[in-house]
Amino acid sequence: GQSLEQPSEVTAVEGAIVQINCTYQTSGFYGLSWYQQHDGGAPTFLSYNALDGLEETGRFSSFLSRSDSYGYLLLQELQMKDSASYFCAVSPIKAAGNKLTFGGGTRVLVKP
Amino acid sequence: DTEVTQTPKHLVMGMTNKKSLKCEQHMGHRAMYWYKQKAKKPPELMFVYSYEKLSINESVPSRFSPECPNSSLLNLHLHALQPEDSALYLCASSLDRLTYNSPLHFGNGTRLTVT
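Same order as they appear, the protein sequences are chains G and E. Residue 1 is where the first sequence starts when you use the numbering used here, and the numbers rise one by one after that. Residue 1001 is where the second sequence starts when you use the numbering used here, and the numbers rise one by one after that.
What the hints contain is simulated information worked out from the structure, not anything from laboratory work. Careful, some of the hints might be misleading.
What the hints assert, rightly or not - In silico PhoX-like pairs for lysine-lysine, Cα to Cα no more than 20 Å straight-line:
(1) G:Lys81 <-> E:Lys1022
(2) E:Lys1038 <-> E:Lys1053
(3) E:Lys1018 <-> E:Lys1041
(4) G:Lys99 <-> E:Lys1041
(5) E:Lys1019 <-> G:Lys99
(6) E:Lys1022 <-> E:Lys1036
(7) G:Lys111 <-> G:Lys81
(8) E:Lys1009 <-> E:Lys1038
(9) E:Lys1053 <-> E:Lys1009
(10) E:Lys1041 <-> E:Lys1053
(11) E:Lys1022 <-> E:Lys1053
(12) E:Lys1040 <-> E:Lys1009
(13) E:Lys1019 <-> E:Lys1036
(14) G:Lys99 <-> E:Lys1053
(15) G:Lys99 <-> E:Lys1036
Everything numeric in this text was worked out from a predicted model, so none of it was measured.
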């Protein structure tokens, strides 16, 4: 099976940097994805890491260390609109979308 | 706005009712999914369709019956539900099951309440 752990809540101010950690234990692993979900909205894809290292997409970056079964999502220059829940998710087979298992989610609250 | 459209947005049904949730995408994706999400919890996979064939059923009770009439449509038929089935039901699609780095595109979901 799969289990993923991430902090339940993080609070930060506008302009700050937030790092959301995700540790996982899986029977099979091909990649770590991150999704953002605003209250009442649909989860939206942010990033996918299959190889070790840092992937940067604008203000958001994602990191993976396969040897440590660990990844993180880095949110820079926080904006009010970044207040949302962020989920890490594991792909147990060689396709980012299929049979994803999600972590419990981290609720990020951005304050003025 | 999302590219995956779900109807209805809200649904209230009694335990003896039969209803259906509908999902549509026109991105040419060949994999479609149903997820269930309880409040403040992550989405949980229910079913995966690949090229209109059911490929994964995550031991979902038979009171939930999926159907994929064509590559753009996905239905979830509901019958004799229990109050604990109340949740947000999310449809999603991806390019296909096995393409590297093919993310899920979610719809906004149907908020289901079983009374």
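Evaluated hints:
no. : hint                    : in the structure
1   : G:Lys81 <-> E:Lys1022   : violated, 30 Å
2   : E:Lys1038 <-> E:Lys1053 : violated, 27 Å
3   : E:Lys1018 <-> E:Lys1041 : violated, 26 Å
4   : G:Lys99 <-> E:Lys1041   : holds, 17 Å
5   : E:Lys1019 <-> G:Lys99   : violated, 26 Å
6   : E:Lys1022 <-> E:Lys1036 : holds, 14 Å
7   : G:Lys111 <-> G:Lys81    : holds, 10 Å
8   : E:Lys1009 <-> E:Lys1038 : holds, 15 Å
9   : E:Lys1053 <-> E:Lys1009 : violated, 26 Å
10  : E:Lys1041 <-> E:Lys1053 : violated, 28 Å
11  : E:Lys1022 <-> E:Lys1053 : holds, 17 Å
12  : E:Lys1040 <-> E:Lys1009 : holds, 19 Å
13  : E:Lys1019 <-> E:Lys1036 : holds, 16 Å
14  : G:Lys99 <-> E:Lys1053   : holds, 15 Å
15  : G:Lys99 <-> E:Lys1036   : holds, 13 Å
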